[in-house]
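Colleague: First to last, the protein sequences are chains A and B. Quick note on numbering: the first sequence equals residues 20 to 164 in our numbering. Quick note on numbering: the second sequence equals residues 20 to 164 in our numbering.
No lab work stands behind these hints: they were computed from the structure. Quantities reported herein were computed from a predicted structural model and do not represent experimental measurements. Think of the CB as a built atom: it goes at the ideal place given N, C-alpha and C, for glycine as much as any other residue. Honestly, I wouldn't trust all of these hints.
To be verified - SDA-like cross-link-like pairs, simulated, lysine to any residue; straight-line CA separation at most 20 angstroms:
| no. | chain 1 | residue 1 | chain 2 | residue 2 |
| --- | --- | --- | --- | --- |
| 1 | A | K72 | B | Q118 |
| 2 | A | K72 | B | G126 |
| 3 | B | K72 | B | T55 |
| 4 | B | K72 | A | L124 |
What the hints assert, rightly or not - If you only want the chain A side, here are some residues facing chain B, beta carbon under 10 angstroms, derived:
| no. | residue |
| --- | --- |
| 5 | Q22 |
| 6 | L30 |
| 7 | F57 |
| 8 | A60 |
| 9 | G62 |
| 10 | D76 |
| 11 | A77 |
| 12 | T82 |
| 13 | G84 |
| 14 | A108 |
| 15 | A109 |
| 16 | T123 |
| 17 | Y125 |
| 18 | L150 |
2 protein chains.
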Amino acid sequence: MVQQRVSLVTLGVADVARARRFYERLGWRGQELQQTVFFQAGGLALVLWDRAKLAEDAGIEDTGGDGFGGMVLAHNVRSRAEVDQVLGAAAEAGAVIAQPARETLYGGYAGSFAAPDGHVWEIAYNPGFPLADDGTITIPDFGQS
Amino acid sequence: MVQQRVSLVTLGVADVARARRFYERLGWRGQELQQTVFFQAGGLALVLWDRAKLAEDAGIEDTGGDGFGGMVLAHNVRSRAEVDQVLGAAAEAGAVIAQPARETLYGGYAGSFAAPDGHVWEIAYNPGFPLADDGTITIPDFGQS
Numbered sequence: 020m021v022q023q024r025v026s027l028v029t030l031g032v033a034d035v036a037r038a039r040r041f042y043e044r045l046g047w048r049g050q051e052l053q054q055t056v057f058f059q060a061g062g063l064a065l066v067l068w069d070r071a072k073l074a075e076d077a078g079i080e081d082t083g084g085d086g087f088g089g090m091v092l093a094h095n096v097r098s099r100a101e102v103d104q105v106l107g108a109a110a111e112a113g114a115v116i117a118q119p120a121r122e123t124l125y126g127g128y129a130g131s132f133a134a135p136d137g138h139v140w141e142i143a144y145n146p147g148f149p150l151a152d153d154g155t156i157t158i159p160d161f162g163q164s
Numbered sequence: 020m021v022q023q024r025v026s027l028v029t030l031g032v033a034d035v036a037r038a039r040r041f042y043e044r045l046g047w048r049g050q051e052l053q054q055t056v057f058f059q060a061g062g063l064a065l066v067l068w069d070r071a072k073l074a075e076d077a078g079i080e081d082t083g084g085d086g087f088g089g090m091v092l093a094h095n096v097r098s099r100a101e102v103d104q105v106l107g108a109a110a111e112a113g114a115v116i117a118q119p120a121r122e123t124l125y126g127g128y129a130g131s132f133a134a135p136d137g138h139v140w141e142i143a144y145n146p147g148f149p150l151a152d153d154g155t156i157t158i159p160d161f162g163q164s
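Only chain A is shown next, with the shape it has when bound in the complex (with noise of 0.2 angstroms):
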């Protein structure tokens, strides 16, 4: 069967340089090859593509929408303080604060933003999900199917 694993996540950019340096005003390192930038995050590589190229790769015709598309990225951190951090980070560095850091149902604290391009980030503390070291997620045993 099917490995449960995500390799890439890959986000058309109208502007590879300009999604480029987003990142990197993050502190994310990254590298470039034909136009593409590769970031490895973790196990997996988040990368910036040209949107057009990246549609017509994958064989979709893009209706021309915005960076959410029924998909959101999460960035977990360690405590409310890095949360309120990463957050302020991101709007130097050019993202739109969509969801200003908020409590959670959950107990945890979180709030999200768009970058350039649209896509959806949120950026949360959720002290049930434990985060290894090197930033690795687990989902704990809920006790349920």
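Based on these hints, arrange chain B on the given structure of chain A.
Modeller: Just chain B now, kept in the frame of chain A:
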């Protein structure tokens, strides 16, 4: 600075049970908590949640586009044959093949499908991006900035 990682990828769906069945037909096993399904996927989690709730939670106005949103998830495998197998399994589970598998410019082999709700997955064999036994992908040093 902000660590280079993605903790969760949340897919907003019209029907959580239907979306869960799709991934379970591929052999994935998830856990549901409060109408949200979590699949441990390597060092991150793939999450299924109601699309309207996801947009509201993220502070995003959902303009009702498709599941593309300029974002594609990739699942890399270890051989051309495995690409064909996974695409076949996805089609049987109800996906629409968007790009039949074909040789790629980088010397690999890949195709893509749209899952229920339109989220796009590429299934790729890329000999240049090694996969560890646990599925972790490593971007090699391209020798470029």
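Colleague: Would you mind marking each hint as holding or not holding in the structure?
Modeller: Hint-by-hint comparison with the structure:
no., hint, verdict
1, A/K72 with B/Q118, "holds (13 angstroms)"
2, A/K72 with B/G126, "holds (18 angstroms)"
3, B/K72 with B/T55, "holds (10 angstroms)"
4, B/K72 with A/L124, "holds (13 angstroms)"
5, Q22, "holds (5 angstroms)"
6, L30, "holds (6 angstroms)"
7, F57, "holds (5 angstroms)"
8, A60, "holds (5 angstroms)"
9, G62, "holds (4 angstroms)"
10, D76, "holds (7 angstroms)"
11, A77, "holds (4 angstroms)"
12, T82, "holds (6 angstroms)"
13, G84, "holds (3 angstroms)"
14, A108, "holds (6 angstroms)"
15, A109, "holds (8 angstroms)"
16, T123, "holds (9 angstroms)"
17, Y125, "holds (9 angstroms)"
18, L150, "holds (7 angstroms)"
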